[in-house]
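> Chains as they are written, first to last, in the working numbering: chain A, 3 to 117; chain B, 485 to 651; chain C, 156 to 337; chain D, 2 to 492.
Don't read these hints as lab results, they were simulated from the structure. All of these numbers come straight from a predicted model, not from anything done at the bench. Cβ coordinates follow ideal geometry from the N, Cα and C atoms, glycine included. Please note: incorrect hints may appear among the correct ones.
Residues on chain D that point at chain A, a partial pick, calculated with CB under 10 Å [what the hints assert, rightly or not]: (1) PHE39; (2) PHE40; (3) PHE126; (4) GLN148; (5) HIS149; (6) LEU152; (7) VAL160; (8) THR163; (9) LEU171; (10) ILE173; (11) GLU439; (12) GLN442.
From the derived model, a few chain B residues whose C-beta atoms are all more than 10 Å from chain A [stated by the list, open to error]: (13) MET494; (14) THR500; (15) LEU511; (16) TYR512; (17) ILE514; (18) TYR515; (19) LEU540; (20) LEU558; (21) LEU565; (22) MET569; (23) TYR578; (24) PRO593; (25) LEU620; (26) ILE623; (27) ILE626.
Straight-line alpha carbon distances no greater than 27 Å define the calculated DSS-like cross-link-like pairs of lysine-lysine that follow [unchecked claim]: (28) D/LYS25 to C/LYS332; (29) D/LYS157 to D/LYS25; (30) D/LYS27 to A/LYS22; (31) D/LYS27 to C/LYS332; (32) D/LYS399 to D/LYS420; (33) D/LYS438 to D/LYS420; (34) C/LYS178 to D/LYS157; (35) A/LYS49 to D/LYS202; (36) D/LYS353 to D/LYS420; (37) D/LYS399 to D/LYS361; (38) C/LYS332 to A/LYS103; (39) D/LYS438 to D/LYS354.
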Amino acid sequence: MAFTLCFVLFMVGLYGVLSKKNMVKIVMGLVIMNCAVNLFLIMLGYKKGGVAPILEKKTNLADFLARSVDPLPQALVLTSIVIGLGVLALTIGICIRLYEKYGTFDITEIRRLKG
Amino acid sequence: MDKSEKPVGMTLIVQTVTRWLKGPIILYGIYIVFTGHLSPGGGFAGGVIIACAFVLITLAFGAKFALGRVGKLLASELDSLGALMFVTIALLGYVGGSFFRNFIQMANPAPPFRIFSAGTILLSNVAIGLKVGASLFMIFIILAVIRVVEDKDGKMKMIQKKQGGDN
Amino acid sequence: MELLIILLLVFMIIAALNALEGKDLLSSVVSLSAVGFGLSVAFLVMGAPDIAIVQVVVEILTLIILIRATIRHDLTTVAEGTEFFGLLVGVVLLFVVFLFGLEAVKALPPFGAPIMDAVASAPSRYYLEHGLKETGAANIVTSVILDYRAYDTLGEATVLFTAILGALAILRGRPLKKKKKG
Amino acid sequence: MNRLPLFVAVPLFLAFLIPVLGRKWKTLPDILGNLATFFLLLLSLSILGISGVYAVGGWPPPLGIVMVSDGLTTLMLLIVALISFAVTLYSIDYMELYTSKTRYYSLFLLMIAGMNGVIITGDLFNLFVFLEIASIASYALVAFGCQHEELEASFKYLVLGTLASTFILLGIAFMYGTYGTLNLAHLARLISENGSTAATKCALGLFFVGFSLKAALVPFHAWLPDAHPSAPAPISAMLSGLLIKSIGIYALIRLLFNVFGFTPLISHILITLGILSMVVGVFLAIGQWDYKRLLAYHSISQIGYVTLAIGLGTPLGILAGLFHLVNHSVFKSLLFLNAGSVEYNLGTRDMKKMGGLQEKMPVTNATSLVGAFSISGLPPFNGFWSKLLIILACVQAKNIPAAVWAVLVSIITLSSFTKVQRYVYYGKLKEEWKDVKEAPQTMRIAMVMLAVCCVLMGLLILPGPRNAVLTPAVNALLAGREGYFNLTFSR
Numbered sequence: 003m004a005f006t007l008c009f010v011l012f013m014v015g016l017y018g019v020l021s022k023k024n025m026v027k028i029v030m031g032l033v034i035m036n037c038a039v040n041l042f043l044i045m046l047g048y049k050k051g052g053v054a055p056i057l058e059k060k061t062n063l064a065d066f067l068a069r070s071v072d073p074l075p076q077a078l079v080l081t082s083i084v085i086g087l088g089v090l091a092l093t094i095g096i097c098i099r100l101y102e103k104y105g106t107f108d109i110t111e112i113r114r115l116k117g
Numbered sequence: 485m486d487k488s489e490k491p492v493g494m495t496l497i498v499q500t501v502t503r504w505l506k507g508p509i510i511l512y513g514i515y516i517v518f519t520g521h522l523s524p525g526g527g528f529a530g531g532v533i534i535a536c537a538f539v540l541i542t543l544a545f546g547a548k549f550a551l552g553r554v555g556k557l558l559a560s561e562l563d564s565l566g567a568l569m570f571v572t573i574a575l576l577g578y579v580g581g582s583f584f585r586n587f588i589q590m591a592n593p594a595p596p597f598r599i600f601s602a603g604t605i606l607l608s609n610v611a612i613g614l615k616v617g618a619s620l621f622m623i624f625i626i627l628a629v630i631r632v633v634e635d636k637d638g639k640m641k642m643i644q645k646k647q648g649g650d651n
Numbered sequence: 156m157e158l159l160i161i162l163l164l165v166f167m168i169i170a171a172l173n174a175l176e177g178k179d180l181l182s183s184v185v186s187l188s189a190v191g192f193g194l195s196v197a198f199l200v201m202g203a204p205d206i207a208i209v210q211v212v213v214e215i216l217t218l219i220i221l222i223r224a225t226i227r228h229d230l231t232t233v234a235e236g237t238e239f240f241g242l243l244v245g246v247v248l249l250f251v252v253f254l255f256g257l258e259a260v261k262a263l264p265p266f267g268a269p270i271m272d273a274v275a276s277a278p279s280r281y282y283l284e285h286g287l288k289e290t291g292a293a294n295i296v297t298s299v300i301l302d303y304r305a306y307d308t309l310g311e312a313t314v315l316f317t318a319i320l321g322a323l324a325i326l327r328g329r330p331l332k333k334k335k336k337g
Numbered sequence: 002m003n004r005l006p007l008f009v010a011v012p013l014f015l016a017f018l019i020p021v022l023g024r025k026w027k028t029l030p031d032i033l034g035n036l037a038t039f040f041l042l043l044l045s046l047s048i049l050g051i052s053g054v055y056a057v058g059g060w061p062p063p064l065g066i067v068m069v070s071d072g073l074t075t076l077m078l079l080i081v082a083l084i085s086f087a088v089t090l091y092s093i094d095y096m097e098l099y100t101s102k103t104r105y106y107s108l109f110l111l112m113i114a115g116m117n118g119v120i121i122t123g124d125l126f127n128l129f130v131f132l133e134i135a136s137i138a139s140y141a142l143v144a145f146g147c148q149h150e151e152l153e154a155s156f157k158y159l160v161l162g163t164l165a166s167t168f169i170l171l172g173i174a175f176m177y178g179t180y181g182t183l184n185l186a187h188l189a190r191l192i193s194e195n196g197s198t199a200a201t202k203c204a205l206g207l208f209f210v211g212f213s214l215k216a217a218l219v220p221f222h223a224w225l226p227d228a229h230p231s232a233p234a235p236i237s238a239m240l241s242g243l244l245i246k247s248i249g250i251y252a253l254i255r256l257l258f259n260v261f262g263f264t265p266l267i268s269h270i271l272i273t274l275g276i277l278s279m280v281v282g283v284f285l286a287i288g289q290w291d292y293k294r295l296l297a298y299h300s301i302s303q304i305g306y307v308t309l310a311i312g313l314g315t316p317l318g319i320l321a322g323l324f325h326l327v328n329h330s331v332f333k334s335l336l337f338l339n340a341g342s343v344e345y346n347l348g349t350r351d352m353k354k355m356g357g358l359q360e361k362m363p364v365t366n367a368t369s370l371v372g373a374f375s376i377s378g379l380p381p382f383n384g385f386w387s388k389l390l391i392i393l394a395c396v397q398a399k400n401i402p403a404a405v406w407a408v409l410v411s412i413i414t415l416s417s418f419t420k421v422q423r424y425v426y427y428g429k430l431k432e433e434w435k436d437v438k439e440a441p442q443t444m445r446i447a448m449v450m451l452a453v454c455c456v457l458m459g460l461l462i463l464p465g466p467r468n469a470v471l472t473p474a475v476n477a478l479l480a481g482r483e484g485y486f487n488l489t490f491s492r
């Protein structure tokens with residue numbers, strides 16, 4: 003159920019990218035898709051009743067092994083979040099510059115190139 | 485910047501609160517960077533928090549304040565410097581046997597749960613914190629501060645600002 | 156616990172739809188950051204405090220950038236031309252992809268039983284067991300991102316560097332030295 | 002295999018260094034950029050054909066990230082280094098048209114680092130990270146001139162590229178959720194042991210869509226005809242010559258052959274995509290009058306050849322495909338550089354406005370002739386041999402329709418490039434171009450260098466050079482999952 007809903011969120015983002023005409027909305031669609039994938043990765047690593055993969059001095063290692071969630075997806079998501087932010091920054095940069103040139107965020111009006 | 489801009493920054497209340505908060509926020513960011521291997525956090529989280537402190541200062545006191553103090557140039561230097569530091573750590577490992585080898589921890593393992601217990605991880609955290617903090621502040625400056633200036637007749641308009649130190 | 160996640164997800168989907176369908180750009184941006192904050196709560200609930208911290212702070216920055224950089228006084232409302240036919244085709248296409256993906260999701264291990272428990276040679280189990288001893292970091296996520304998979308982190312720092320350099324290059328004042336002819 | 006990390010570390014280090022130092026010393030970016038690519042060229046020559054594994058951080062696979070080098074890797078590294086060296090040489094003068102050379106070279110080196118990273122990595126997520134580096138650098142470089150068309154093309158490219166990356170990331174998530182590991186060789190072993198589930202197939206589909214978008218195969222080609230012509234000429238050469246191959250085709254075939262295993266279904270899909278790209282690309286190119294746009298459509302068509310040949314899955318098919326991939330890198334970069342030097346002097350890309358440039362620009366004309374002959378498959382240039390091999394491979398695989406299409410498309414390509422030569426270089430010189438000069442020295446050297454490569458690479462068909470360069474690459478793909486696993490876990 004949780005996985006399915008996460009996939010729905012991904013689809014919502016995809017729908018936004020494919021159907022919207024406003025550049026900012028398209029960027030929002032991309033951000034939503036990225037969020038959905040990140041959540042999906044973390045959910046893959048979740049364990050019922052799990053604890054964060056951080057050891058403390060008094061932690062028993064066997065107990066920790068049995069209860070800790072998967073640390074690897076978390077590392078991947080950290081990377082993915084930062085990549086998403088980088089792409090967002092560049093995209094907004096291009097959007098600002100396009101707005102300067104065309105005076106609009108509507109991609110149907112930004113059409114000098116044929117095809 | 486346009487001279488017709490409204491009074492720099494936000495209200496006195498915001499400015500006062502910012503003046504109180506900026507120290508603790510930066511300190512908290514540094515703490516997060518330095519204990520990343522022991523508790524939640526690390527270079528990324530800490531770096532972003534430090535960047536947010538500077539963003540807060542910029543928003544509260546106006547663009548001139550932040551640009552005068554930190555300066556885009558300094559931020560971009562720090563950006564490159566953090567990245568260079570991280571690559572250097574990797575290359576030091578390369579010289580010592582293997583790219584990205586944790587040469588400190590492998591040579592003489594320190595007891596766990598201390599600040600200096602994880603070898604190059606601490607150094608990497610600092611490098612990443614420096615890099616991410618500078619990067620995100622740069623993103624904020626170039627996207628949100630420099631380009632948006634209010635026109636004389638009240639309409640928002642983009643202007644092209646001469647960027648210092650540019651070639 | 157799963158119920159909480161599902162509630163959060165429903166909240167995020169509604170916020171996402173609101174962000175995409177809203178007529179007012181400012182409220183769209185705020186809805187979008189509701190998705191982000193929902194995400195960070197979900198991370199916190201699922202035992203990922205590191206990611207939750209980063210997500211919150213990154214979300215704040217995203218919000219500030221989006222608001223300050225893209226919202227103008229004169230175009231907060233968006234006029235969307237709706238082409239019914241195109242929309243229909245798109246939705247049908249998405250639905251087909253969705254059904255395809257649903258099958259795949261069913262084939263995954265159930266929620267709450269991570270794959271690392273099922274595969275004997277999974278690296279994650281090794282990280283949990285030997286991470287502290289081998290790298291000295293009590294936070295296993297840190298030991299993964301800065302030691303076992305530090306090369307990824309170098310790539311990630313580079314992505315950020317590249318994006319900023321790219322944004323600086325695109326936003327520079329005078330891109331061409333002389334005017335192109337023709 | 003101690004030299005493998007240098008392919009990423011050196012360009013990255015210089016890319017970080019250039020913005021710091023370039024501000025004070027204006028010629029430094031030129032020098033450092035050219036030194037870096039020259040160094041990479043020497044380095045890639047030194048490891049040609051050697052296979053081995055490098056465990057980053059000393060962690061054995063599947064714990065850490067590994068760099069894997071086999072015949073295909075070294076071939077790709079060599080071609081990346083060769084083209085990027087010619088392009089950096091060309092950039093010295095060409096990029097004088099633009100400001101901020103510092104950032105140009107920095108982004109350029111980051112793009113090379115990204116491509117090299119994709120090529121040498123043996124880890125699925127690491128592949129994604131470096132793919133993003135190369136992609137982001139290329140989005141920024143496409144928009145480097147900041148004019149209307151460039152920004153528009155870049156935005157289109159960015160949205161489709163990010164969509165592709167997100168698909169790939171979702172595919173990675175499915176793979177991790179099913180097998181619990183990210184190492185390519187380990188994944189290959191687990192897939193062959195545990196079998197594939199619906200999730201694996203979904204991941205495969207996502208990878209197909211994602212990498213086809215990056216490689217601009219029809220029907221995912223919408224961004225390429227805008228992005229490639231709009232970029233500055235050296236970047237067009239890099240994008241068409243290298244980027245779509247290294248982060249599109251290479252990554253796709255590496256996953257298909259060495260991780261998922263090559264099946265008849267995959268073969269059918271690849272052949273269909275290949276023929277479609279070949280035919281659609283060339284027909285769209287016919288009506289073009291924009292010099293670089295025409296070349297961009299031909300890129301789609303030629304990538305179709307590569308996909309078709311590799312999709313056959315036979316040793317001869319793979320050999321022909323890889324040979325054509327390498328050849329296309331060289332002659333398409335050369336043609337884009339020619340178009341760039343025409344644009345540099347004339348300031349326009351419209352072929353209707355040109356004419357008679359052969360007397361004013363003899364070097365550009367001669368090298369362009371070599372490139373045009375190569376791409377249309379005229380003997381004795383390299384394109385002829387690889388196209389001949391592709392047709393032979395089609396016939397050998399009993400796929401006669403594909404062979405017929407390949408011949409037909411080749412003829413249309415020839416007619417298209419006859420048009421280019423006729424309207425740009427031959428005919429009467431127009432009045433307005435009376436005082437046009439030949440391109441500056443470094444641009445000429447770069448073009449001549451690539452033209453010489455076009456001629457020399459025809460020799461790769463001979464048994465000696467072929468066994469040294471191409472055969473190890475073919476064997477790397479044919480080794481399949483088992484061979485790749487044994488290589489990665491050999492220590």
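> A separate judgement is required for each hint: does it hold in the structure or not?
Tested hints:
| no. | hint | result |
| --- | --- | --- |
| 1 | PHE39 | violated (29 Å) |
| 2 | PHE40 | violated (27 Å) |
| 3 | PHE126 | holds (6 Å) |
| 4 | GLN148 | holds (8 Å) |
| 5 | HIS149 | holds (5 Å) |
| 6 | LEU152 | holds (5 Å) |
| 7 | VAL160 | holds (6 Å) |
| 8 | THR163 | holds (5 Å) |
| 9 | LEU171 | holds (5 Å) |
| 10 | ILE173 | holds (8 Å) |
| 11 | GLU439 | violated (30 Å) |
| 12 | GLN442 | violated (33 Å) |
| 13 | MET494 | holds (23 Å) |
| 14 | THR500 | holds (31 Å) |
| 15 | LEU511 | holds (22 Å) |
| 16 | TYR512 | holds (18 Å) |
| 17 | ILE514 | holds (19 Å) |
| 18 | TYR515 | holds (16 Å) |
| 19 | LEU540 | holds (18 Å) |
| 20 | LEU558 | holds (19 Å) |
| 21 | LEU565 | holds (18 Å) |
| 22 | MET569 | holds (17 Å) |
| 23 | TYR578 | holds (21 Å) |
| 24 | PRO593 | holds (16 Å) |
| 25 | LEU620 | violated (8 Å) |
| 26 | ILE623 | violated (5 Å) |
| 27 | ILE626 | violated (7 Å) |
| 28 | D/LYS25 to C/LYS332 | holds (19 Å) |
| 29 | D/LYS157 to D/LYS25 | violated (35 Å) |
| 30 | D/LYS27 to A/LYS22 | violated (44 Å) |
| 31 | D/LYS27 to C/LYS332 | holds (15 Å) |
| 32 | D/LYS399 to D/LYS420 | violated (34 Å) |
| 33 | D/LYS438 to D/LYS420 | holds (23 Å) |
| 34 | C/LYS178 to D/LYS157 | holds (23 Å) |
| 35 | A/LYS49 to D/LYS202 | holds (25 Å) |
| 36 | D/LYS353 to D/LYS420 | holds (11 Å) |
| 37 | D/LYS399 to D/LYS361 | violated (49 Å) |
| 38 | C/LYS332 to A/LYS103 | holds (19 Å) |
| 39 | D/LYS438 to D/LYS354 | holds (17 Å) |
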